[in-house]
Amino acid sequence: MLSSNAAPSGATTMEAITDQPQLRLTGVRKTFHRDRKTVEALRDVSFEVPRGQFLSALGPSGCGKSTMLHIIGGFETATSGSVHLDGKPVTAPGRDRGMMFQQATLFPWKTVQANVAWPLLVDGWKRKHARERARELLATVGLSGFEHSYPAELSGGMRQRAALARTLGLAPDILLMDEPFGALDAQTRELMQEELTRIWQESQLTVIFITHDINEAVFLGDRVLVMGARPGRIIADVEIELDRPRGAHTKRDPKLVEYHNEFWDLIRQEAGPQPSGSRDAGETPS
Amino acid sequence: MANVTFPRALAPRNLLTGAALRRLLGVAALLGGWELVARLGGTRLTPTLDEIAIRVLYDIETGTLLFHAQRTLLLAFSGLAIAVVVGCAVGLLMARSRWAEAALQPLLGATYPIPRLALYPVLILLFGLGAAPKIVLVSLECLYPMALGAYVGARSVTTTQLWLARNVGASWSRTLRDVIVPAALPSMLTGLRAAAPVMLIVIVVTEMIGENRGLGYMIMLARANFEPDGVLAVVAVLAVLGFAFDRAVVLLSRVLVFWERDVRL
Ligand SMILES: Nc1ncnc2c1ncn2[C@@H]1O[C@H](COP(=O)(O)OP(=O)(O)OP(=O)(O)O)[C@@H](O)[C@H]1O
Ligand SMILES: [Mg+2]
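Note that the protein sequences, when read in sequence, are chains A and B.
For what it's worth, the working numbering labels the leading residue of the first sequence as 1, then goes sequentially.
For what it's worth, the working numbering labels the leading residue of the second sequence as 287, then goes sequentially.
What the hints contain is simulated information worked out from the structure, not anything from laboratory work.
Note that the structure is a prediction, hence the values are computed from the model and not measured.
A virtual CB, placed ideally from N, CA and C, is assigned to each residue, including glycine.
Each hint can be trusted.
Computed beta-carbon distance windows for the label pairs: (1) B/V371 - A/R95: 31 to 37 Å; (2) A/T31 - B/F544: 39 to 45 Å; (3) B/A534 - A/R95: 40 to 46 Å; (4) B/W385 - A/Q20: 41 to 47 Å; (5) A/R51 - B/R384: 38 to 44 Å; (6) B/W385 - A/H33: 18 to 24 Å; (7) A/T26 - B/V536: 55 to 61 Å; (8) A/H84 - B/W385: 29 to 35 Å; (9) A/K88 - B/L412: 54 to 60 Å; (10) B/L462 - A/T77: 20 to 26 Å; (11) B/V536 - A/K128: 35 to 41 Å; (12) A/H84 - B/R384: 27 to 33 Å; (13) B/R533 - A/Q204: 54 to 60 Å.
In the DMTMM-like style, the derived pairs of lysine to aspartate or glutamate whose C-alpha atoms are separated by at most 20 Å in a straight line are: (14) A/K110 - B/D464; (15) A/K128 - B/D464; (16) A/K251 - A/E241.
Just need the whole structure built from these sequences, with the hints factored in.
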């Protein structure tokens, strides 16, 4: 089931001929210099993402997942290599790529509604229309009734919903999500995963979703990139053959467990001989 | 996912009033000590509290206090206003521009320890004898806390917040207005809180030097007439003003930076 890097599977070959991939990374390298030390955050990262795909990227902490997303988003520039979006090189951030950062970025001085409406106002929308659109977006993520709350009054999950609503408001072509559910408790996280699946299916957006949770990556993704650390690079690129629509039943699918074990083995090999964590047992669905 | 409600502060009332009483303890001890000294070993130099209070009322009745206080406050707030505008601009610029930071930080650092009051004669030569040199000196002194507050505040803006603004396509000025200034506001108000007493000190001192109006002049006049109660009456008024300004800034902070309710000034 594990194929090597960027080998297009049979199903996508036809498309690739008629339609170029929406996003293409070619030999992306990124090194950071700090205090005379050099960190190679990414080495030779190349992959393509067809339009509409839900791509999960999985990897241990510090393997360069955020860095990769920041480069795609145009916030950081690659040391070498290139990123092309619809055939055009990425040089700066743009509303075509909606970024949900790993850190919370809701403005604490704005209400939830004002936070969601802000990108629209920046875009020149009329106040009234921006407000209406913000309400719609909040309804999409299940936050109706909290329009006038401040972020400090919301739970972690609700804040991430609000951030998602704000990002969707940009009407992006690609959603870049950096461990958006990382700080949530297990139950909230599962609910959010199901909701994201629903929203993605309705919108048909392209999504690049970063996580270090194997089940999350498999449950959400059409395809999973597995990354290794030091230097950060792609060690596997796998199509996930789980039926859609996915839901609570998918989590009991034995195929999910298979994927989980495979990925876990891969990551364990990559990490070398280390005391095995409780993840394997703890996160395998019963 | 459930509706989160925050319980209001559940502290019992008597605890709150207890805290309020404790806050007054230091002031009460100071006043009590003074009264004790004045009554037991007092001379004309140490008027009792009621003598000072009577003098304050007298100065209010005759209208002198209002006349002089108006002048003092007008100059003081003019100077502060300039300091707020220039200080915030300098602080924000320093925080967001490497060039400005490199150029301005050594300048501010080097001029900060200079006793700027020593410049007052020079300012008089430059600006004449009127209100101008006083206003300039007040704004010079208040500039430092304001610039520092704005600088620290604007530095607290995270990279991700700025990246978000770029993702959204916000212009530089829009980012300043909607992201940087709100984020810097709490720290700016801390600067304002530090600047308010400085403002009072500087204006009164300048008025004590060759002036015929203002609270500082009132002090010098009472001293010349050998009226310690007159001096202390003005000091008491200044203390009340200083306290009132401080409370006003705290109140302002509560209103303006409502989202940082947990931060106590
Ligand atoms: N601005 C920076 N300066 C120096 N080093 C950096 C910088 N940003 C990231 N790094 C380094 O690059 C590597 C990859 O960082 P990155 O944040 O992309 O990891 P990550 O996979 O997102 O980790 P996590 O799962 O913990 O979020 C790390 O070793 C990190 O220390
Ligand atoms: Mg990260």
